[in-house]
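Turn these sequences into a full structure, and let the hints steer you where they fit.
Protein chains in written order, with numbering that gives the first Met the number 0: chain A, 0 to 165; chain B, 0 to 395.
I should point out that these hints are in silico values taken from the structure, not numbers from a laboratory.
Just to be clear, a hint being listed does not mean it is correct.
Covered stretches of chain B (in silico footprint by chain A; criterion: 3 or more residues with CB under 8 Å from a CB of chain A, positions within the stretch not fixed) [unchecked claim]: (1) 106-120; (2) 127-134; (3) 149-156.
Quick reminder that beta carbons are idealized off the backbone N, C-alpha and C, glycines included.
As a plain string of letters, each chain reads:
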Amino acid sequence: MTALIFFIFAGIAVFCGINLVVQTHPIASALSLIGVMGSLAILYLQLGGEFIAAAQVIVYAGAIMVLFVFVIMLLNAGAEGTSLQVSRFTKYLGIVLLAAFLGLISFIIQAMLPKTEGVVFGLFQGGTALDVGRKLFTVYLLPFEVTSVLILIAIVGAVVLARKEV
Amino acid sequence: MNFLILSLIKAAVVAFVLLTALAYLQWIERKVIAHIQLRVGPYRVGPHGLLQPLADVVKLITKEGVIPSHVNRVFYLMAPWVAVTLALISIAVIPFGPEIQVGPVKTWMQLTDLNIGILFVLAVSSVGVYGVALGGWASNNKYALLGGLRSSAQMISYELPLGLAVAAPLLLANTLSFRKMVEYQTGYWLGFIPRWNAIPEIFGFLVFLIAGFAETNRVPFDLPEAENELVAGFHTEYSSMKFAAFFMAEYANMVTVTAVATLLFLGGWTPLFPEPYSDAIPILVFLFGGLIAIYHGLNPARRKDKFTLPAAGLVFLGIAAIFGLSLFVPVLKAILMALFWFCGKIGILLFLFIWVRGTLPRFRYDQLMRFAWIFLFPLSVLNLLVTSLVVALTSK
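See the structure below:
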């Protein structure tokens, strides 16, 4: 059952990821990205990271992507045309290169497989909000605080850049 | 397998009751608004317009769904279903009552209890904005686009105070599960003041309610569908069931927001009064309602009232009798009391939503944004800080 759910949502994630690149319209790409994030959240949930799953949907799908979609709508960006002139030579070379690249990746995975252990669904238990919070404020306190300062700097920088000169 | 069958039964019951309630919520809204404005509201279809929702449903289903020629078809057709699906999904984690035992089966009056239940509702509601935003954009219409943009800007702005207001009771109860949240709120201070979060968290409760109005795009925050500026806002180009889907989503969101407010701040299904007194309340309420209806039926203001009001009065008296009987049947009592208090609180909050719609004018756009960022946001941050200070000082 868990394996079935995993394959369904992993499939959706991969499909949406490819769709994100293939689509010419920015809104369609943004929605595909939301699909990727939603299915990733389900995968987190399966691995026992309940809090991460919820945070993934709230922060990425619910806040960041809403802003993306908002900006795309505000600019009223239309579909992108393919301005790239592809010659037959590059096409054939591309197929060969793609095959070589896929072969390389599969070789690396093959080489790594025996060393990594398989994932067992439901084995990991430390994904509740309580555990994550405790870890964040004890073991990972410094990275957590540094990240928050970094985000603050980014916000202030954005405001400074966007402010009109008066 | 037992779990599966039980879940299916519960899901079917909840879905049926919720959808019927949504249809009748609209009838109640029209009636209440009408009476605020000294009209009678729906009156022709059935006694006091009671069959109006049914007629509306038939009309909306059989109506031709016009698709304008310049829309982006895929997103145009997707948007209403995104909106309504996400609006209906949150009900899955809302508990309606305590654990009950019917014969051999022991179950909670809830579809499923997630230990991140509150985060789940927040996540679903934060994704819910896509329905409106997409619908506005895909319609390829300037009014619809403006409505969709306004809606996304408004929902992003008001999600902040909403989330911060939710965080305060979470700190008090130290849980993210709705069940534990209600458990924390059972009992009474000094034996008669309910231990609801709304009492220590009065500011959090008010901020939550106000942000809830904005999240559901209700008056005075209904800028996305401001009739006098934007025709109908994001659903200008929608007709038939696609329009109905948006409509349903709005009402479902209202129910969700009020249910979450009830669970977080008003103690869920815990009664207002301690045990022996709380049992009498539903009986008295329905008895009183029934007697008033019968009295008005005997002195009818309109001709038809001679028959309809006494009938309604008898139904009310029957419900009062059922509540009276349930005092001797523990199973029935557990279910009915929980439902009465939970639905009663939700009903009062929903009435508040409708009442506000009939009373307040709409905000201007700059007022709306200023209100969120300059008033609500600092207030909710302050509330959260004070709450965390109190929790830190009193714990251990």
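These are the hints, each one checked on the structure:
1. 106-120: Contact hint for the stretch 106-120 of chain B vs chain A: holds, 5 residues under 8 Å.
2. 127-134: holds (count 4)
3. 149-156: holds (count 4)
Every hint from the earlier list agrees with this structure, and none is contradicted.
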